[in-house]
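Asker: Respectively, the protein sequence lines represent chains A and B.
The opening position of the first sequence corresponds to residue 1 in my numbering, with each subsequent residue numbered one higher.
The opening position of the second sequence corresponds to residue 1 in my numbering, with each subsequent residue numbered one higher.
No lab work stands behind these hints: they were computed from the structure.
All C-beta atoms in this analysis are idealised placements derived from N, C-alpha and C, irrespective of residue type, glycine included.
Take the hints with a grain of salt, since some may be wrong.
[Said to hold, decoys possible] Some chain A residues well away from chain B (every beta-carbon gap over 10 Å; in silico):
hint	residue
1	42
2	95
3	151
4	154
5	159
6	162
7	207
8	208
9	210
10	220
11	233
12	237
13	238
14	249
15	263
[To be verified] Covered stretches of chain B, as calculated for chain A (at least 3 residues, CB under 8 Å):
hint	segment
16	119 to 132
17	137 to 144
18	219 to 226
19	235 to 246
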Amino acid sequence: MSKKTIYASVVVLAALVVFGCGKSKTTVTLAGSTAFQPFAEKLAEQYMQSHNNVNITVQGGGSAVGIQSANSGAAQIGMADMVQLPKEAQGLTSVIVARDGVAIVVNPKNPITNLTTDQVRDIFNGKITNWKEVGGNDAPITVVSREAGSGTRSSFEQIIGNIELKKDALVQDSNGTIRETVSNDPNSVSYLSHGLVNEKVKPLTLDGIQPTIENIVSGTYKISRPIFLLVKGQIQGEAKNFIDYILSPEGQKTIKDNGLLPANSK
Amino acid sequence: MKLVGEKGVKRILMAVAFSAISALLLITLFIINEGLPFIFKYGIKDFLFASDWNPAQGKFGIFPMIAASLWVTFGAMIIGAPLGVAVALFLSEYAPRPLMKAVKPTIELLAAIPSVVYGFIGVVVLAPFIRSYFGGPGLSLLAGCIILGIMILPTVISISIDSIMAVPRSYREGSLALGATTWQTIHMVTIKASKSGIIASIILGLGRAVGETMAVIMVSGNSVNIPHAATDSVRTLTANIALEMSYATGMHREALFATGVVLFIGIIILNSFASVALRKRTAKR
Numbered sequence: 001m002s003k004k005t006i007y008a009s010v011v012v013l014a015a016l017v018v019f020g021c022g023k024s025k026t027t028v029t030l031a032g033s034t035a036f037q038p039f040a041e042k043l044a045e046q047y048m049q050s051h052n053n054v055n056i057t058v059q060g061g062g063s064a065v066g067i068q069s070a071n072s073g074a075a076q077i078g079m080a081d082m083v084q085l086p087k088e089a090q091g092l093t094s095v096i097v098a099r100d101g102v103a104i105v106v107n108p109k110n111p112i113t114n115l116t117t118d119q120v121r122d123i124f125n126g127k128i129t130n131w132k133e134v135g136g137n138d139a140p141i142t143v144v145s146r147e148a149g150s151g152t153r154s155s156f157e158q159i160i161g162n163i164e165l166k167k168d169a170l171v172q173d174s175n176g177t178i179r180e181t182v183s184n185d186p187n188s189v190s191y192l193s194h195g196l197v198n199e200k201v202k203p204l205t206l207d208g209i210q211p212t213i214e215n216i217v218s219g220t221y222k223i224s225r226p227i228f229l230l231v232k233g234q235i236q237g238e239a240k241n242f243i244d245y246i247l248s249p250e251g252q253k254t255i256k257d258n259g260l261l262p263a264n265s266k
Numbered sequence: 001m002k003l004v005g006e007k008g009v010k011r012i013l014m015a016v017a018f019s020a021i022s023a024l025l026l027i028t029l030f031i032i033n034e035g036l037p038f039i040f041k042y043g044i045k046d047f048l049f050a051s052d053w054n055p056a057q058g059k060f061g062i063f064p065m066i067a068a069s070l071w072v073t074f075g076a077m078i079i080g081a082p083l084g085v086a087v088a089l090f091l092s093e094y095a096p097r098p099l100m101k102a103v104k105p106t107i108e109l110l111a112a113i114p115s116v117v118y119g120f121i122g123v124v125v126l127a128p129f130i131r132s133y134f135g136g137p138g139l140s141l142l143a144g145c146i147i148l149g150i151m152i153l154p155t156v157i158s159i160s161i162d163s164i165m166a167v168p169r170s171y172r173e174g175s176l177a178l179g180a181t182t183w184q185t186i187h188m189v190t191i192k193a194s195k196s197g198i199i200a201s202i203i204l205g206l207g208r209a210v211g212e213t214m215a216v217i218m219v220s221g222n223s224v225n226i227p228h229a230a231t232d233s234v235r236t237l238t239a240n241i242a243l244e245m246s247y248a249t250g251m252h253r254e255a256l257f258a259t260g261v262v263l264f265i266g267i268i269i270l271n272s273f274a275s276v277a278l279r280k281r282t283a284k285r
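Given these sequences and hints, build the entire structure.
Answerer: Here you go:
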């Protein structure tokens, strides 16, 4: 290869790099809550169809990552699902864009259909260790929980109240792995974002109330939490347009159709 | 064609080499800088030997995780080391050369399987098996040991084979000439001569087992619990960091970095044992 060819290819490559990712599009980045991530992706897809000049990327990472990256500017919009925002989020402007219920789930083979709040508390604290104590089969209960700091876990624990998770509870780090574990283990019990319950697990009624959208919207089913979008400083520019879109009837309909609850419920 | 001169090449290579080393240095400094202040603030004793891990209440005792890491690594060694050394002995001493030349690269391919795949197999096959035959939740210390035992095989086997093959032919010939059988030659001469290499292979395998994260998170259940039985669920140091990093802020985050410091020191100790053992081997020859 002659020198000329080498120089020429270097120039062409450099040109590709510089102009290939040209800034004809405005980019908005979202990061945070894994519970809201799939919905944010769907919303972003719809939004980009009608707004060709905007590119929206959605990353997961967890609620703490959402708060951190909104603070540091790594993402324009942070996502967090929590009953209350921690003090790290004080400097951020927050908007509630949806609510999400938390369903208590067991394996479909388990005959149990209902638990009371007290039973749930005793099971997660380790006071009740066999399914027969709550009217089920004679089998040990495998408690599965989320990791410390998870938005779903803190909401669940705050609303059930006085939970000191028993030491030998299994811990899984996402809604997806929780669902997988419960569907694999016939004796397990866990809790899961309501929007992500599917036929592999069986949601229980809590104090006789089913975790349906209607019951969560009306507040009769009590375990639910808001989903926040967090922006540093004023909400403006494309980030504002996108958040407005999520809050618009069309965006809220997408949220509702996919199993989350609209922002204005409860 | 001459784009850069001899000296230029030397400088460029030197810059590349130093950037690799400085990356290591920066990572070390970063972990220590983020984690060490927490250890002193919280108290070394409380951090290492208390068994309460409850970040929401400000309790950060990592003893259950240290115990779990040690148990998992020990178990992986019990399963992986005899298997690996046996395979290495068979391939280097009994198997015909062509077979070894075909099998060794295949075993090394085991190392190329992503750990998440090992974990997945553990969750789908191993955990239900343990649950139905041994009881407990299935996702357990035992599952972690078995998966890690398999994962360290390629390391143990390939380094063991190398060090067994490095034993001079004349040793074996001498032993055989004295009337020893193949097995007598192996356990009285070959293994003795390659002992330090075999030990190094096991220690390097252990280093991999201690540091493994994804597969362990998937199969060992992750409860913060000092295990009393092999079917108990455990959480290792690596799993603790990876599980909680995404949601951790403030003190909790610092505690995770401090967990990283403990892990880092552990692995450095293991690796220096391995390099001492390896150096012994080269010195002997």
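Asker: Honestly, which of those hints from before does the structure not fit?
Answerer: Failing hints, ascending: 3, 4.
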